[in-house]
Amino acid sequence: DAGITQSPRYKITETGRQVTLMCHQTWSHSYMFWYRQDLGHGLRLIYYSAAADITDKGEVPDGYVVSRSKTENFPLTLESATRSQTSVYFCASSVGGERSPLHFGNGTRLTVT
Amino acid sequence: GQQVMQIPQYQHVQEGEDFTTYCNSSTTLSNIQWYKQRPGGHPVFLIQLVKSGEVKKQKRLTFQFGEAKKNSSLHITATQTTDVGTYFCAGPSTGNQFYFGTGTSLTVIP
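Those protein sequences? They're chains A and B, same order as listed. Mapping of the first sequence onto this note's numbering: position 13 corresponds to residue 323, and the numbering continues sequentially without gaps. Mapping of the second sequence onto this note's numbering: position 88 corresponds to residue 90, and the numbering continues sequentially without gaps.
The shape of chain A in the complex, shown without the other chains (with noise of 0.2 Å):
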């Protein structure tokens, strides 16, 4: 969706550096997710957010960190990469409540080295 903007595509890093994935909706969104893809594993969701300053822990939040300043930025930091974290993340957004359907951004694969 042309809404939800992921930057960088991709990314290679080595372990040890820190690396921030942006992500972008311009649909003035409430929630806001991060998710991360390995094969075999789904979609695990790292952190999510319901309005801006307010953020809270998914499944795999360990190593990562996020910011919500505004409502239209959700920005995901590796602090101190490994490898472990090289993967796919998705950022989607939702207008919120449990029955709104999630609208994800292009991806960012990432690759720590």
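Since the hints were derived computationally from the structure, they do not count as laboratory data. Model, not experiment: these values are computed from the prediction. Wrong hints could be hidden among the right ones.
[Stated by the list, open to error] Computed from the model, here is a short list of chain B residues facing chain A with C-beta under 7 Å:
{"id": "1", "residue": "P45"}
{"id": "2", "residue": "A80"}
{"id": "3", "residue": "T96"}
[Stated by the list, open to error] Where chain A lies over chain B, by a calculated footprint (3+ residues, C-beta under 8 Å):
{"id": "4", "region": "23-37"}
{"id": "5", "region": "64-78"}
{"id": "6", "region": "98-110"}
Note that CB positions come from ideal geometry on N, CA and C, so glycine has one too.
Chain B: place on chain A using the hints.
Chain B in isolation, oriented as in the chain A frame:
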């Protein structure tokens, strides 16, 4: 915690054959959503089921929600090469979190 399991993990079918993927939750779900992810793409919302025993159709796709609201299925009749991709179910948890199943990857052989 909540777990959503999907089977099978992979399915290869000849074009024209039917395909079914099953989703099972360890807890009762208020609703279930289905998504499709084309190879190299991102998940795209297909449909949501809310009521116990609900059945919905989208052309050749039939979605069912179990009576106990703990399982669901997606059935594709007469598969086409355009059906290739990974199909995910997802159920809500507390705080509007969505837990996704492990997905079923469908390959259609022409």
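Query raised in the report: Going by Cβ atoms only, is B/T96 closer than 7 Å to chain A?
Result: Since the shortest Cβ distance to chain A is 9 Å, the answer is violated.
Query raised in the report: Can B/A80 be said to touch chain A, with a Cβ gap under 7 Å?
Result: Interface hint status for B/A80: violated (26 Å vs cutoff 7 Å).
**Report entry** Claimed coverage, the region 23-37 of chain B by chain A - three or more beta carbons nearer than 8 Å
**Finding:** holds (count 4)
Query - Restraint check, 7 Å cut-off on beta carbons, for B/P45 near chain A - result: Since chain A brings a Cβ to about 5 Å from B/P45, closer than 7 Å, the hint holds.
Query raised in the report: Counting residues of the region 98-110 of chain B with a beta carbon closer than 8 Å to any beta carbon of chain A, are there 3 or more?
Result: holds (count 8)
Query - Cβ contact check, 8 Å cutoff: the region 64-78 of chain B against chain A, three residues minimum - result: violated (count 0)
In terms of the numbered hints stated before, the structure departs from hints 2, 3, 5, listed from lowest to highest.
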